[in-house]
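From first to last, the protein sequence lines stand for chains W and A. For reference, each letter of the first sequence is one residue, going 1 to 259 in my numbering. For reference, each letter of the second sequence is one residue, going 1001 to 1279 in my numbering.
The set of hints was computed from the structure by calculation and includes no laboratory data. Any given hint might turn out to be false.
[To be verified] Just some of the chain A residues that point at chain W, by a computed CB distance under 7 Å: (1) A1045; (2) E1053; (3) F1127; (4) A1216; (5) R1217; (6) H1219.
Using N, Cα and C, we set each Cβ at its ideal position, and we do this for glycine too.
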Amino acid sequence: MTPSGQSRRRWLGAASASLLGAGAAGCDQVTRSPAVNRTLGAAETLNRRLQGLLAGSRTLAREYPASAISPDFRANGTTAPDSDAYRALAADGFRTWRLEIGGLVRRPLSLSLDELRAAPGRTQITRHDCVEGWSGVAGWTGARLGPLLERAGLLPQARYIALFCADTLELTLDGTGDYYETISIADAFHEQTILAYAMNGAALPVPHGAPVRLRLERQLGYKMAKYVMRLEAVADFAHLGRGQGGYWEDRGYQWYAGI
Amino acid sequence: MRGDRDLGGGRVLVHRHGLPVRAAHWLNALAFAVLLLSGLQILCAHPAFYLGEASRFSAPVAAIATTAAPDGASRGRLQILGWRLDTTGVLGASRDPSGQWTARAVPGWATLPSELNLGAGRRWHFFFAWVFVLNGLLYLAGGILSGRLRRTLAPGWGELRAIGPAIAAHLRLRFAHGEEARAYNVLQKLAYLGVVLALCPLMALTGLAMSPTIDARLHGLTVILGGRQTARTLHFLTAGALVLFLTVHLAMVVLAGPLNEMRAMLTGWMVIRTGRKAR
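Model the full structure from these sequences, guided by the hints.
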């Protein structure tokens, strides 16, 4: 190539690189704008309402035969909370663990694992869909959340159930790095919404959320909190964590995870 | 359709695309671009594909992997069934804007947002999924009800019988610049029909099947698509087919006379060469 051809090539290369760079920088400004993200969030509201109409509050998620159970169901997120308190509970087989149910209820409860096992329960073999994109089938046995909440007596102002967990994913000074989730009352009363204490016939193992994890079968996996320590009925979740209704929601995920 | 305007010298301005088609075309182009880039962002969260209902992690049908070379450098690899390709620099391992090597399935210049952010990627994806679907439904409804779809895209038997010569002319990059340019050729008709009646609806359906709530209500859809993970794999394969279509589409626009083609799709008017006076 002639010298002028070479310099023309370099100039073209530099020009396109700076155009692309400017375009990318401009794109980044748009993607980081709070106003843009709020507008995009309108789709979540639309999906939640439309899917609510389409699926209603009672349609069950598909249940599978035992032959469909995945041999390699992945343990995702925290696989062992590293607090002394949790380790002590686990070492003792969760004998001293109590599930607190409080907040906007008439009769706060404190239930042991045995009491949960004795409560109205359900076994279901369902498919777990992770927000990352993978799926796994497993059998879950647990206490149905609806009857537990009826036992506690929800007050009329209660609109969400917040679940607080033993695992800390982010070290913070204000405690907003602990895992937590919130679900609607309607979802809490869904037939398949259980606090699972057993997986595939055996006690729920630590990597999968011992002593209990939530199952919320019509939504993505991040809603199904592991290492649940207490439940609280609340009127809204703006005062919890960073106000978006869950650990991952505080970090940009959608609160409604039906999609 | 408006009447022709004679430009003299054997050139005539013809009204080629109506406003509904043009509007739908550009809105779709925007939606597709955002869906593609945000889709690639989402892929970064789990760059492996499976078949069936659940994922067998030890045996994906395809995956983008990041590995470490003996000297510690990051290397990227695309694997499809048994076939492996070193994709260092693009897939699996790429340089970020500061020149630093990062382990990412898809490089930042091909994702929206450019930095790894699954939540934001999903936000863009689900908003523009609505733009894509509503625009598509309007386009199809309007086209079917007005008969425009049949008039402009349905190939005639004569055309289909003569598809061999049409392919040959296409491969020789012989483009229509005269009266034939008033309509799509048979290859265009088949390609566009495939896109609007098969590929785009499949994108929407495979996307819907991945929603846990839609799956609860319409599990039959997931079953027809082969299971949730097959639906996901099909979602990406169909997107790949659309990218292939887009590449050929853009190449043809450039080779057939980009200024004239862009004028047609922006203003509706296109220059054709005719020996006769305007109609």
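Each hint tested on the structure:
no.	hint	in the structure
1	A1045	4 Å, holds
2	E1053	6 Å, holds
3	F1127	4 Å, holds
4	A1216	4 Å, holds
5	R1217	4 Å, holds
6	H1219	5 Å, holds
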